Amino acid sequence: MTITDAPRIVSSRLRRPRSWTLESYLAGGGYDGLRAALAMTPQQVHDHVNTANILGRGGAGFEAGRKWGMLRKALPVYLTINGDESEPATFKDHALIEGDPHQLIEGALICAYAIAADQVFLYVRGEFALAIERLQAALNEAYAYGAVGANIFGGDFSVDVVVHPGAGAYICGEETALLESLEGKRGYPRIKPPYFPAAIGLYGAPTIVNNVETVSNLPWLMLHGGDEYAALGEGRSKGTKMLALAGHVKRPGNYELEWAKVSFRELIYDPRLGGGIRDDNELKAFIPGGVSSPWLGPEHLDVLLANDAIAAVGSMAGSGSVVAMDHTACPVRAAWRIVRFFHRESCGQCTPCREGGGWLEKILERIETGQGREADLDLLMDVCDNISPGVTWPPAQTTICVLGPSMPPSVAAGIRMFRDEYLAHVREGRCPFPPDRLPRRLSRV
Amino acid sequence: MSEQSPTTGAEPRLAPRPYLTESAVGTAPPAAQADGAVTVTIDGRQIQAKAGQLIIEAADEAGIYIPRFCYHRRMKPVGMCRMCLVEVSGPRGATLMPACYNPVAEGMEIRTDSPMAKKAQEGVLEFLLVNHPLDCPVCDKGGECPLQDQTLAYGPGESRFVEEKRHWDKPIAISPLVYLDRERCIQCGRCVRFAAEVAGDPLIDFAERGDMTEVATFPEEPYSSYFSGNVVQICPVGALTAKPYRFKARPWDLEQVESTCTTCAVGCRVALQSSQGELIRMIGVDSDPVNWGWLCDKGRWGYEGWKGAGRVTVPLVREGDQLVESSWGEALAAAANGLRSAMEKRGGAGVAVVGGARLANEDAYAWAKAARLALGTDNVDAQLGDGLPAEVLLGLPRATIDQAAAAPLVITLGPDIKDELPVLYLRLRGAVHEQGTQLVEITPAPTGLTRYASETLLYRPGEAASVARALVAAGSGGGDGIDRARAHIARAGQKAAPGAPSIVVILGRPSLAEGEGGVVAAARELAGLPGVAFLSALRRGNVHGALDLGLAPGVLPGRVSLEEGRAWFERHWGAGLPAERGLTTAGILEAASRGDIGALVLLGADPLADFPDADLALRGVLGAGFVVAVDTHLTESSRRADVLLPAAAWSERRGTFTNIEGRVTWLGQMVTAAGMSWPDWMIASELSARLGVDLGFARIEEVWEEIARVSPLHRGLPYDLLAGVSHRDGIVAPVGAEPVRPARALDPMADPGIQSAELHKVVSTSLLFSATSTVPEPDGQAPGNALAPAGGPPGGEQEEAPAPPAFLRVPAWDGVVAPPVDTPGLRLVSRRTLWDGGTLVQNSPSLAGLAPEPALRVHPSALAALGAADGEAVRVVSERGSLSVAAVGDPEIPRGTAVLAWNLAGARAAGLVDAAAAATAVRVELADGSGGQGGGDGG
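Heads up: the sequence lines are chains A and B, in that order.
Position in the first sequence counted from 1, then plus 2, gives you our numbering.
Position in the second sequence counted from 1, then plus 1, gives you our numbering.
Extracted from the complex, chain A is given alone in its bound form (with noise of 0.2 Å):
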């Protein structure tokens, strides 16, 4: 499904039958990443990490070689892996869990042995029910392979993984939030300094948090080396990644393609990936790296879906959810739905995210039911501002963590690109699109 001839790293297995089960996995191989890394030094497989410049697959790319390398050498050492994928249009790591669990372990175990690490958490979002049912299937299949647990493979390295569901908050996918709800406490981001938990996190203690997908790849990695992986991609922009399209297309799936060699333009209209707008329609914008990204419109469509490539347009490639929306989509509706969102999922902890949020969906729901005023527009702008100061990208923010200053940037989008369709609400007293998705059904969502 690669629209270039590179390998697919993690999702190889997906489409095999029963790709979940070990008899599936030792099938292709599995579990041999794990034995080439146990053959070398920890520093060898760190080795291997930074040659590919893997970027964390969380959102934020930063570089997982260079967290492993920030880690406070002192006992215990925690390893967690984050699985807490909530965000909408967001299902990358759900696919990756509940399809090829075992990859995930043998990842989280490589990079287990790099760092050292005493323990192993797989937070795992508490609404991945099968998911959940399958790593934990997965787990308990690894340690009776002798894969996890002590003396792994007859070495020397010991160490233990647990599966840790979340309780249903978004905000657990931040870092430290997740760490709080690990330690068993209420799901609050932590207020940085110290800014990494490769410093101070689970317990206190030095710990490394990863994305799925990025230990995901350390696998194929260990079979292949470091410089292999970095022949792929561009920059800064290594290996391949998966990229989960929804919104109007006809084709929305997972598709796992080399970074930075592929445009928007391709993954939406590719026969192979997107395969254009539903109803052939026209695009009118697309969100291109999660919902928390500002928009981007059809001008910026020969785009490569690359970090640097996409934050010089203005936003970002985050966790590489694309959302395309066509000409019946309302831009109010969708930024009230975005901030209604990230407001439901405020932690409730500071203030301008808490009250900033819940006054923004207030405004927008206004809007959208032809309650609005013109002035309204630059009220929505304003209380973005004092959420996430002079509401640039990135952002700046007033706030704890970047809950917050997520929701600015649809509004923001939406005001720039479509400022006469939020003044078409407010002069025509309605939405002026087709009510195919009226927002009492949304708001019953």
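The hints are simulated quantities; they were obtained by calculation from the structure and are not laboratory data.
Note that the structure is predicted; figures quoted are calculated from it, not measured.
Virtual Cβ for every residue (Gly too), placed ideally from N, Cα, C.
Be aware that one or more of the hints could be misleading.
Some chain B residues judged to face chain A by a derived CB distance under 8 Å, without partners named [claimed, not checked]:
no., residue
1, MET81
2, MET117
3, GLY124
4, LEU129
5, ASP206
6, ARG210
Dock chain B against chain A, hints included.
Only chain B this time, still in chain A's reference frame:
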């Protein structure tokens, strides 16, 4: 990246703890490591700040105010409300940082008034008001509200919010005393953090998310905490209100006087507030050495007890079996007659004075003098057999609360501090939690501090001394707990700061059902530890002031013994003192029961309720020929008096107070005395006059003037300064025992509603009542607070006087401890609870219902042996008496021990206790009389 070098050696490696706050909310910043000073610029002003200090603290010290809600200097910062965002210029340009969370760094440029900072402040305030109901006109907080004040100062002029606000049911009772209005709440988390971090009662927390975030209790579990009033005190909006104060007053009608709480002996500083002449609210004053602004709920709301219908407001004289209202003249004459006839029969030995812990220092001195001169007796005792001998308590080396909190090791040999001295519990808990202070308990049953103790050494009631002796002994042996405690003792010596005690023993009575002898012996053993000092854990009000001022047998004012101080005081008082050392309360009651006490004066004492031997107390009070009670309330004892003289209560008179440390603080007068009641010093003075002795006092200032002149302990204490704001923290006597620092200014943003004289640049109202210029400057003292240690010769007019007598010393001791006679059955432990059947609690409508049901707590095996169900009523029988009470199994209670709270209605443990016995053996029977349980599992 800060790299920690790998630990080496055998020391157990401790995980770094910066995030392990108990707080359910937020995260505190890592502890500042650096020492030294840095220079930063705030709003263009260069200031010096301590390295690692938070920006908001540095700004506060420089007098630059940064608005705040969640920040409270007695709790860890969490950076939640975002009100304190300031603009900080750094290498990456100007950014907004929460001033409460970020430490200053060298060269930092901070602006609190730049466009960026002001935009953030306005933005946050507008957000906070989005869902705030703005019901200020009907809100208790209106007029003293940080949200109101800061909105005025930093907020936008008007709201742009036109939508519907959030709605909740309101108010909801989260405890019997505290109401929550969630609409007004701004989610600053002060209350949640206090409950978890300071009080250790994490019973409230945030629930839900987004703008529906609410403070909530757990299902079926109210916020029952001894410290719940503090969350009302620190709430920066009207979300948390106190039931006793709701809708009682508007802030601008309140008058305020600073004083000291006398409910227990910790001596928390408080601001008394009244409206229309009625005491209506108390707010804790942030006193660095004592209470840090916190109060317990009994102290906060116990003032109701002084206002209630139970107060005696008119002198009462017995006619037959009735007390009838009288005049002061008649009542004093009746009292004088009764006392005089007793003295005529047996001399001073036939008269006794019991009690005095309720009195202010000046009253205690006046009564100490009156007893020795007018009544000719040394039979005076402020303690009711539930304390410790004055020589021991006053003679041991003393520690302050700060020293205890800073010591590497604290050993408790005393009551359940959480119940009896609640704010001391907060300080000790904080020390254990935040500073790693080690705590070793020597106790007959677990206490409120047990969960924080490194070691809890449980002893059989009556046998504390053997545990103490094993601790002090060299070598090993005595059990694992003893060995571990010894290791703590050894380590404490290495960790002590120079000049400070390395071990502080909190010393009181662990149980009222065991004699004081075993505890005294244990204390004397512990006195042999290197670097040890003692902090008293006697509970009752101003008992330390009473002891320091001579209300103890054989003790004269100023911690001086009768023998050593005789010449000094005879010279100063111009009269002879009693020849013989007098009796303690137990001795007095014993003598009275034999008919040897012709007249008994009860100074606010209720031996029938409080003396730990109800039988002896009753025989004593009945056996005394004539009883004069000086009291505020009708109590079991005072209603049996022949003459009852009404005394002015705390808050109705000024004076001074002495706390567990020996710290003398000011008692302010807020309201006029109830009815015809008089201050106690005046009663002593008038009564003495009718007995032909002029004490020489017409005004309370004259009492203090004499104390300062003749008491070796109180010389140089600047009485007039105590009433002012700079010395509101008080001074530990003798002067020089502790460095005197100027007190912290009151901060209405930390404790909204407190009226800060410093902030408003007005003279403290309590100064209006102070002595100001009538007290001469202490000799050799510069005016102001340049205090020097006492010990020099007294004032100029006594140039030829001999040197003042030395302070009390602990008497010699042969080291022999007689263990209690071993009897079959359980040994009883009885301690006070915060909520009890006492006069104050039961006269406070808000508190009276909080007293728990009495229960005998025993190890479940004892219930099983008895065949009783958990909670079944049983009969507890001792040699002295018996009572019926529910028995509850509790695996924490050591086998062979039974715990029964003191002074709960329905089960007065005093009825079981023999004051003369080293321990109280009890037998538990089924209520129907069958199945008496012997001591099968005892020993």
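We went through each hint and held it up to the structure:
1. For MET81 (chain B), the suggested interface contact is upheld, since its CB lies about 5 Å from the closest CB of chain A, less than 8 Å.
2. Because the smallest distance between the Cβ of MET117 (chain B) and any Cβ of chain A comes to about 7 Å, under 8 Å, the interface hint for this residue holds.
3. At its closest, the beta carbon of GLY124 (chain B) sits 3 Å from a beta carbon of chain A; the interface hint therefore holds under the 8 Å criterion.
4. Using the Cβ-Cβ criterion of 8 Å, the hint placing LEU129 (chain B) at the interface with chain A is satisfied: the shortest such distance is roughly 6 Å.
5. Restraint check, ASP206 (chain B) versus chain A: the minimum CB separation of about 7 Å is within 8 Å; hint holds.
6. Given hint, ARG210 (chain B) at the interface with chain A, holds; its Cβ is 5 Å from that chain's nearest Cβ, closer than 8 Å.
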